[in-house]
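Protein chains in written order, with the numbering used here: chain V, 27 to 138; chain C, 27 to 138; chain E, 27 to 138; chain Y, 29 to 461; chain B, 29 to 461; chain R, 29 to 461.
FYI, nobody ran anything at the bench for these hints, they're computed from the structure.
Keep in mind that a hint or two might mislead.
Facing chain R, according to a computed beta carbon distance under 8 angstroms, are these residues of chain V, among others [what the hints assert, rightly or not]:
#	residue
1	68
2	71
3	77
4	78
5	112
6	113
The calculated lysine-lysine pairs, modelled on PhoX-like cross-linking and capped at a C-alpha distance of 25 angstroms, are [said to hold, decoys possible]:
#	chain 1	residue 1	chain 2	residue 2
7	E	78	C	28
8	V	108	V	29
9	E	66	C	78
10	C	29	E	29
11	Y	235	E	66
12	C	78	V	28
13	V	29	E	29
To spell it out: a stretch of chain Y is covered by chain E in this simulated footprint if at least three of its residues, at any positions, have a beta carbon under 8 angstroms from a beta carbon of chain E; those stretches are [claimed, not checked]:
#	region
14	229-238
15	338-351
Idealized CB from N, CA, C, for every residue including glycine.
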Amino acid sequence: MKKLEAIVRPHLLEEVKTALQEVGIVGMTVTEVKGFGRQKGHTETYRGSEYKVEFLPKVKIEVALGDEIVEQAVEAVLKTAKTGKFGDGKVFVSSLDEVVRIRTAERGESAL
Amino acid sequence: MKKLEAIVRPHLLEEVKTALQEVGIVGMTVTEVKGFGRQKGHTETYRGSEYKVEFLPKVKIEVALGDEIVEQAVEAVLKTAKTGKFGDGKVFVSSLDEVVRIRTAERGESAL
Amino acid sequence: MKKLEAIVRPHLLEEVKTALQEVGIVGMTVTEVKGFGRQKGHTETYRGSEYKVEFLPKVKIEVALGDEIVEQAVEAVLKTAKTGKFGDGKVFVSSLDEVVRIRTAERGESAL
Amino acid sequence: MDPVQTKVALDTLWVVVTACLVFFMNAGFALLESGLCQAKNAVNILAKNFIVFAVSSLAFWTLGFGLMFGDGSPLVGMKGFFLSGADNSPAMADAYQGVFASLNWTGVPLAAKFFFQLVFAGTAATIVSGAVAERIKFLSFIAFSFFLVAFIYPVGGHWAWGGGWLGTAGFKDFAGSTVVHSIGGWAALTGVIILGPRLGKFGPGGKVNPIPGHNMGFATLGTLILWLGWFGFNPGSTMAADAALISTIALNTNMAAAAGCLAATAVAWLALGKPDLSMILNGTLAGLVAITAPCNIVTTTSSVIIGTLAGVLVVGAVLFFDRVKLDDPVGALSVHLVNGVFGTFAVGLFATDGGLFYGGGMALLLTQLKGIAAVGAFTAAASAIVWYGLKLSIGIRVAPEEEREGLDAGEHGMEAYAGLTSRASMNVAAANM
Amino acid sequence: MDPVQTKVALDTLWVVVTACLVFFMNAGFALLESGLCQAKNAVNILAKNFIVFAVSSLAFWTLGFGLMFGDGSPLVGMKGFFLSGADNSPAMADAYQGVFASLNWTGVPLAAKFFFQLVFAGTAATIVSGAVAERIKFLSFIAFSFFLVAFIYPVGGHWAWGGGWLGTAGFKDFAGSTVVHSIGGWAALTGVIILGPRLGKFGPGGKVNPIPGHNMGFATLGTLILWLGWFGFNPGSTMAADAALISTIALNTNMAAAAGCLAATAVAWLALGKPDLSMILNGTLAGLVAITAPCNIVTTTSSVIIGTLAGVLVVGAVLFFDRVKLDDPVGALSVHLVNGVFGTFAVGLFATDGGLFYGGGMALLLTQLKGIAAVGAFTAAASAIVWYGLKLSIGIRVAPEEEREGLDAGEHGMEAYAGLTSRASMNVAAANM
Amino acid sequence: MDPVQTKVALDTLWVVVTACLVFFMNAGFALLESGLCQAKNAVNILAKNFIVFAVSSLAFWTLGFGLMFGDGSPLVGMKGFFLSGADNSPAMADAYQGVFASLNWTGVPLAAKFFFQLVFAGTAATIVSGAVAERIKFLSFIAFSFFLVAFIYPVGGHWAWGGGWLGTAGFKDFAGSTVVHSIGGWAALTGVIILGPRLGKFGPGGKVNPIPGHNMGFATLGTLILWLGWFGFNPGSTMAADAALISTIALNTNMAAAAGCLAATAVAWLALGKPDLSMILNGTLAGLVAITAPCNIVTTTSSVIIGTLAGVLVVGAVLFFDRVKLDDPVGALSVHLVNGVFGTFAVGLFATDGGLFYGGGMALLLTQLKGIAAVGAFTAAASAIVWYGLKLSIGIRVAPEEEREGLDAGEHGMEAYAGLTSRASMNVAAANM
Ligand SMILES: Nc1ncnc2c1ncn2[C@@H]1O[C@H](COP(=O)(O)OP(=O)(O)O)[C@@H](O)[C@H]1O
Ligand SMILES: Nc1ncnc2c1ncn2[C@@H]1O[C@H](COP(=O)(O)OP(=O)(O)O)[C@@H](O)[C@H]1O
Ligand SMILES: Nc1ncnc2c1ncn2[C@@H]1O[C@H](COP(=O)(O)OP(=O)(O)O)[C@@H](O)[C@H]1O
């Protein structure tokens, strides 16, 4: 089993979610994060002094999923989270040793 | 070393924490997250228009731990985070290549 | 490719970030988290009743990076996030199977 | 303008302006009480504290005012419902002809009398809101408020202010330590007992789990608004632009508040280790409640003493109610009930005319005690009947599940801080894209 | 003090104090409107609602007051700009000599007349702010407000209150259901149409996406401040310390508010499933707006009926405007426009002197309708011209990108809750270390 | 009521009502100052701004009022502590017999005189709170406030208003640009210097790190409350229901505020790129502070000019204090000190009777300068002594660790937004389960 982490623009969350559902994913966990990268922030002023907003709001979508749909899931994210401008975000894929569903104590793919 | 990630209901955090401590875990990191899954959200109305609350509050508990206590830790979570209703959450286990304690620069299991 | 997760004191974020940039890292993702560990929280009172603040604010910095600079990155964190007192935090290193840049669909190290 | 008209105009100006100040106390209570509760219940508390004045307006207009001030027996008024019946206000004293003889001491139009008394009735009802917060059903609170303002408050009020037996007996409660604050407090106390504590408030072994308020900015602003409102509450209760009296009362009111504030701060600091802001606020209110009855007949120095004692009392009372497991999220019992009683009692001690410390002997003090007891017993009994009636009919407490989730979602289907706390932002974002 | 001076002093006190209450409504609108909008636009709305009174002060002083109350034609006043010109206030009626003859019915100094009328003008302008919120450019809003208070409001106001043709025709609008609230409402309506809805508000297939307000505490406090302010708005419009009249008006105002509150609560509960706090608040305001015109010439019972109808109307109107895809984030149209019209109309029905239900026939009702239509048509047309002029010159709507990010960042380069919401804390922390 | 009684009643009504408005400014300051600071210090600032009025009440009652207005020497009053001593108020002028001869120009009861003067004293103390925020120890602030209101303010005030040498010399400060605002400002300035800047405020190389305020809603509401309060502050300083004067003063006050608001907005927009809301708010307050001294003796047009200059000044002052590394989180120095001085100076320029621009020559202007300098020098010196005394005894600044964590945790052991910001929610949830 794999874990897919997608860091995307907050306002595209809904569309990425829908695309992932179409690939057969029924659950996911989302976190509000701040991203730092090529996309440059903007400058804010407060009482005449400037400061740079470097950390920009993003959301991180975490999905545990079976190996066979990883590629489709990545494609789903790429399709929906892309605007073509700096700051669209990243997808990371890593391996999971085990997944357990707390409600039923099921393990492995059936716990997804 | 392994990393255990448990996504659980917020109001059970304290109990899960205590159960993990009993297994010998002394540190953990907790994040407020939103979960989407089989548990269906509810509908809210605002000024006559409805909207669906699909992302439900959960907390994610992350623990780095030695291989030998992984199973106990999973059991501790299963025991305390279960209500039997949709939405109890998941446990994910993955591998860690390295752990470092910043304060002492210790590495490996002694850094846990 | 590796993923480095550093849990550090919030007020040291800026310095850790700068140190990581000096090692050649251009992007990172940051989350506000709560940490539980050896560092003991303090007691607050409200209307005569005490309660213990056990979960302390930390930030988690996540960086995807090439294998060759992992060690430098760890050193950068150790150098800047250390105060020597309980609660300085941890660094976790794990492996990534794949990294994709959403904007360009680039994969692997060139996506970092 | 002839002198009579001038006096009527002056008195009416004063009564209407001070009534506005007292009306504004609704905002004070709404902020204080929502600020001292949790964010997940904020909409509910705000809604309760807002609608309660609308309910009070209706209840007092239809029934309450007639029961309280209409001509009737020593026990209850029986005329003037819907503000109907003869009335030649602003004619005063013997010149007055109408069904509200008990208010013939003030020379303002009937509408002004009603408006002023209404804002007081509303205050009594709003006191209950905070004490029963975070677990009561919205509909049951509305229903209880209606009964309180339509029946219970007017009867107790009639006894003391409406020509009833207590007033006749010499009971002194100038601006309502007993009539307004204790009645509200006793009604709240029965509610707190019958509802039971919030889930998780009291742990095993006598452990008290604090549930910190979510917005101390609201709580502080609310208390400042209440302090301001009290300059209508007490000086306005002259219902006449009596220069000397209103000045003195304003001064006494302020000094008691200041003393209560400082005393509670000191006690909290010394006894609990830190100067807890919620105690500072409660201390001020305690001083204000306590000076409400005696403000017109005590010296400024006595006002400072009364305020100081109130500030000490309120901190002790908060700890006491926690110990006996009566869960009052905002300290309404400690402020309004305890100090309403104390303030009424203090009249018997400090009144320059009749008080024990001024050589007046025990007579007044005993009358005060009688009033405290009678009004308390009646209000507690009547409130208990209403609370139980509601409990058996529509229910008074939300389901545990709903309480845990928050009443905002359960009772109102909305949130106080949508998109501000993380709870909602994603859902909203999701809904809008 | 001789009796004349006494009356001047009394009247002036009343006018200044009530003007202060109405001034305070600026805070009410700022809180209500920012509370019902999103956190990311809060600075912008607060800034708009704050600066609008400064702009109004300037606009009304330089031009508006002269156009509205200065001597002139039935269509517009033409004297007294910058408060210049002859004036022997507080002399009244025939004794008055000066350029503001239309205000010779009130015996207060000119500065007091101006101050009182200014706070009303400011209210009209502030109504627009909420309706066009979350997408309008800050500068364009300032410019529109200036035109509204310098030209549009004064002309409409002149017709009804400034000696113009409507007043002469017998049109009755005591405190401004039409003059203040409808004018504000019509100006807002044209703005809403010309600006278009917020991004994402209306989905495909008639879907309405709610965009919940971010701070119901602010919204509730704001409404309570407005309710308080109305005790200045309506009773103050006597511009004289007339004891009987101000008492009655205060009472009627309050009962209509309470009825509107309860009616809207009930309708929202029954029709929409839950008692939505934002509807409770809007219902109260609806009752207040509706009673503004008739408050001095209807019975208290009629006030309750008018308030009740207003409370029902406002809920229906909110749903209606959503259905026709007019996006009004705070319900300003439903409250001020719809109930401003309704209240003016209600005069023709309920006025004890001339109302249809009181045997007065259709005459007054038709005059009221004429006034509603004329002021509406003029305001809508004039506003449309100004809005289009601004659109073609400096633009009226922020870029979509900015709208999505929030106007606080785009227009003001700051945030309402820095470090409180997670958005900013890291940046701030980073900047400071 | 005979004419004399009528006048006393009218004047007392006015004094008490305006005192209430000024009292309400405590809420304005609490909101403005907490809103412009960080969330982690909000409880502390709220607590400071709340308790300061209680401390002031005690200090002014016991000592301050006697030192300020009691009969004595040109340097200080020496009678009337605890409001004791002979006094036959409301008797006026030569008919007055008592120890507060310096207040014999107003015909209200002594309690009203005290109450009105108390709320002014409280304002001076509350100004300090914002400037020293986010690093001062709670106890030291309380102690300083006591000294300020018990000794420093009364002495400076005695010179100008209490029969002292400055008033005798012809110094004009109608409502307190110098007496209230500058005294508060000078005390704040010494505090700011002695305390030093907040950690991280000034970086190496002259870098200024902004520390944005956490709640612009509070800041805006606070400023609107202050604007409202100023209609008590300035027109109330007549201490008599003088129709013409109070109307004019209300108008001038408002126009200066509006002009200050618009000027600061324009300057901030042009010079700093965006219309910073905190500057808009500060600009309004600057206009209000500046018009406080001259409000009764300048034309409305002059008021607009004075307000405009104040709005420009305040923006420059904010930048200036940052440049010289004086850290004033809320702009209290720029608003109260700079514009308190400017407003006092403006009297010498714009006074229609004696001002330079009105052919009065330099005499008045020089007297004004003398007053500014004398009061400033005395206040700064006396404050420095108190601040240093506190520094050496109980300490005035919290530990760096505590400052970083926030004073709410350190000083009060609580949080302003428990469970709302993420900081606390888990701990609270954990504690309650
Ligand atoms: N090496 C990295 N490790 C973790 N997160 C990263 C990394 N690089 C970028 N990110 C995340 O992806 C977001 C977008 O990256 P950015 O460099 O701004 O644009 P792009 O990916 O389009 O080149 C960042 O805001 C950050 O959250
Ligand atoms: N595939 C998944 N990947 C990541 N998180 C998941 C996944 N499935 C479920 N979750 C998380 O677990 C929570 C509970 O899942 P849900 O499907 O609602 O109930 P249950 O696990 O009881 O069947 C979700 O709210 C979400 O946070
Ligand atoms: N086993 C663990 N797994 C995950 N996070 C941990 C673990 N141990 C500690 N942490 C995180 O590191 C932080 C610091 O740990 P702590 O034990 O307090 O101090 P130190 O690392 O200096 O010994 C904690 O607050 C927590 O966020």
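Discussion item. Next pair to validate is residue 78 (chain E) with residue 28 (chain C); report whether the Cα-Cα distance is within 25 angstroms.
Written reply: Not satisfied, since the Cα-Cα distance of roughly 29 angstroms exceeds 25 angstroms.
Discussion item. With the threshold set at 25 angstroms, check whether the alpha-carbon distance from residue 66 (chain E) to residue 78 (chain C) stays at or below it.
Written reply: Between residue 66 (chain E) and residue 78 (chain C) the Cα gap is close to 40 angstroms, so the pair fails against 25 angstroms, i.e. violated.
Discussion item. Between the alpha carbons of residue 78 (chain C) and residue 28 (chain V), is the straight-line distance 25 angstroms or under?
Written reply: 29 angstroms, violated
Fill in: Hint check: 8 angstroms Cβ-Cβ cutoff, residue 113 (chain V) to chain R
23 angstroms, violated
Worksheet item: Taking a Cβ-to-Cβ distance below 8 angstroms as contact, does the region 229-238 of chain Y have at least three residues touching chain E?
Response: holds (count 3)
Worksheet entry | 25 angstroms Cα cutoff - pair residue 29 (chain V), residue 29 (chain E) | 13 angstroms, holds
Discussion item. Run the distance test for residue 108 (chain V) versus residue 29 (chain V): straight-line Cα separation, threshold 25 angstroms.
Written reply: Roughly 21 angstroms separates the two Cα atoms, so the pair holds.
Fill in: Hint consistency between residue 235 (chain Y) and residue 66 (chain E) [alpha-carbon to alpha-carbon, up to 25 angstroms]
21 angstroms, holds
Discussion item. Just to be careful: measuring from the Cβ of residue 77 (chain V) to every Cβ in chain R, is the smallest value less than 8 angstroms?
Written reply: 5 angstroms, holds
Item to complete: Mind taking a look at whether chain E covers the region 338-351 of chain Y? Criterion is 3 or more residues with CB to CB distance under 8 angstroms.
Response: Holds, because 4 residues of the region 338-351 of chain Y bring their Cβ atoms closer than 8 angstroms to Cβ atoms of chain E.
Practice prompt. Hold the hint about residue 71 (chain V) up to the distance rule: shortest CB distance to chain R must be less than 8 angstroms.
Written response: 6 angstroms, holds
Worksheet entry | Proposed interface contact between residue 78 (chain V) and chain R, which counts if any beta carbon pair is under 8 angstroms | Not OK, violated: residue 78 (chain V) not within 8 angstroms of chain R, min 11 angstroms.
Violated hints for the displayed structure, listed by number in ascending order: 1, 4, 5, 6, 7, 9, 12.
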